[in-house]
Amino acid sequence: MYSEKVMDHFSNPRNVGEMENPSGVGTVGNAKCGDIMRMYLDIDENGVIQEAKFKTFGCGAAVATSSMATELVKGKTVQEALEVTNKAVMEALDGLPPVKVHCSLLAEEAIHAALWDYAEKNNIKIEGLQKPVNDIAEKEEDVSETY
Amino acid sequence: MGKVIYLDNAATTQVYPEVVEAMTPFFTEYYGNPSAIYSFAGEANKAVTQAREKLASVIHAKPEEIYFTGGGSESDNWALKATVEAYANKGKHIITTAIEHHAILHTAEYLEKNGCDVTYVGVDENGVVKLDELKAAIRPDTILISVMTANNEIGTIQPIEEIGKIAKENKILFHTDAVQAFGHIPIDVDKMNIDMLSASGHKINGPKGIGIMYIRKGVKIRSFVHGGAQERQRRAGTHNVPGIVGFGKAIELAADNMEERIKYETELRDYLIERVLSEIPYTRLNGHKTDRLPNNASFCFRFIEGESMLILLDQQGICGSSGSACTSGSLDPSHVLLAIGLPHEIAHGSLRLTLSEKTTKEEIDFTVDELKKIIERLRSMSPLYEDFVKKQGK
Chain A
1 MYSEKVMDHF SNPRNVGEME NPSGVGTVGN AKCGDIMRMY LDIDENGVIQ EAKFKTFGCG
61 AAVATSSMAT ELVKGKTVQE ALEVTNKAVM EALDGLPPVK VHCSLLAEEA IHAALWDYAE
121 KNNIKIEGLQ KPVNDIAEKE EDVSETY
Chain Y
1 MGKVIYLDNA ATTQVYPEVV EAMTPFFTEY YGNPSAIYSF AGEANKAVTQ AREKLASVIH
61 AKPEEIYFTG GGSESDNWAL KATVEAYANK GKHIITTAIE HHAILHTAEY LEKNGCDVTY
121 VGVDENGVVK LDELKAAIRP DTILISVMTA NNEIGTIQPI EEIGKIAKEN KILFHTDAVQ
181 AFGHIPIDVD KMNIDMLSAS GHKINGPKGI GIMYIRKGVK IRSFVHGGAQ ERQRRAGTHN
241 VPGIVGFGKA IELAADNMEE RIKYETELRD YLIERVLSEI PYTRLNGHKT DRLPNNASFC
301 FRFIEGESML ILLDQQGICG SSGSACTSGS LDPSHVLLAI GLPHEIAHGS LRLTLSEKTT
361 KEEIDFTVDE LKKIIERLRS MSPLYEDFVK KQGK
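Protein sequences appear in the order of chains A and Y. Following this note's numbering, the numbering of the first sequence begins with 1 at its first residue and continues without gaps. Following this note's numbering, the numbering of the second sequence begins with 1 at its first residue and continues without gaps.
Think about it this way: if two alpha-carbon atoms lie no more than 30 angstroms apart in a straight line, the pair counts; the simulated DSSO-like pairs of lysine-lysine are: (1) Y:LYS372 to A:LYS32; (2) Y:LYS90 to Y:LYS168; (3) Y:LYS3 to A:LYS5; (4) Y:LYS165 to Y:LYS92; (5) Y:LYS394 to A:LYS32; (6) A:LYS32 to Y:LYS289; (7) Y:LYS394 to A:LYS53; (8) A:LYS131 to Y:LYS391; (9) A:LYS32 to Y:LYS391.
Rather than coming from a laboratory, the hints here were simulated on the basis of the structure.
Next comes chain A alone, as it looks inside the complex (with noise of 0.2 angstroms):
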């Protein structure tokens, strides 16, 4: 059902980690439907992302195109990040089936959302940059007590 290139990065994810002091982080998707990504960017004072990390919580589309969207916006300017769409991570990891589309919105929206907490750190505004709807905090239950 997947793609040589999903099953090979989801297997061997790259970039997968934290970031201490990270430029921007942004997480997405809710628990509820089982897709969660988190992204760590670090991004120089000219505004290039040297390096990406993600952690996923998600099928096996969710992790592949973490991986792949971290792999895509390393090297690129801020402006540069902001056209890798999902479609681009799909067409990278040559197409998803159609019930895993969302896996490559929400690898955008992390991107975004990534972006979004570095421009509000350093309090610029990046052009073409809505602020990502997708955002996790208010959904977040404490399920700790289940156990």
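Fit chain Y to the known structure of chain A by using the hints.
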């Protein structure tokens, strides 16, 4: 393909070689239509009769109360739709449960759209149907109670005898979807007051595409598939003779060693459950601890998602299943896991492993060893786990 560890026997089972052997002559040699008059068809006719007798005897039914169908889903559809049709004069209310298989649930929803009232009784945290809720749901116009014998996802066995008693006391027909239970655990339609029962061949090492419906004598439901006069005019269509013969052989084998198989599978299942729960943190067992199908182990692992787990298990040759949204084709995780009260994020991390009598301890050990690594790996990349660890550290 390398070695496969097949732990998805609730999905379907291997057709035993003895079953194939019993079926083969009815493709190639005795291919006559059992409804035909000439003696060449006699062998086929005789074989259908024998299979019917075997299937009936296992649930203490009479052979003429067994009707061959195309499988469990057809039987479930038939039970609900035909009861609604036949008992329209009495009422249009059906009681079923929130954890039924979709063959029941989607049929019930279809009937609701066509003017029926359906009550979906809830279950407790172990997946056991709430009997007080079921009793309270009974109305003067209730015509049918349909409760599965055992749940396909979490394995919980329902108090069928008590439900049958309630149905009988209230003069309501009782149907049970026994697709997961038939041939696996003892069922007695008389003792349990079952009026209708659905079962399927491929869950007990028989072929796919063959099922039965048991209909107690006196139950008035009519034909669902119209056509020829087969099955005492209640289910048209040329008999699937090889399928019927295979189903008969499969139930013969299953019934012959049911006791030993239950003992073997239960021990191995409990060993699997014990290892998983003690060696993998933040894990829960779904379903009743003891009143569960001998071969079913169902877990939820927190902070991870089921499909990822299945792909990684598959890479090690291990076949399992999950009730996560991603495997169901919708955004919602399994209705069964939600019905037992699990939050969405935990229900997404479910894994069902269903054993067979051929599953070995070595296979279970290998599976648990791999599972530990897989869970650890997925957690290490889960933002939920990251948050959880940070919270713990505070």
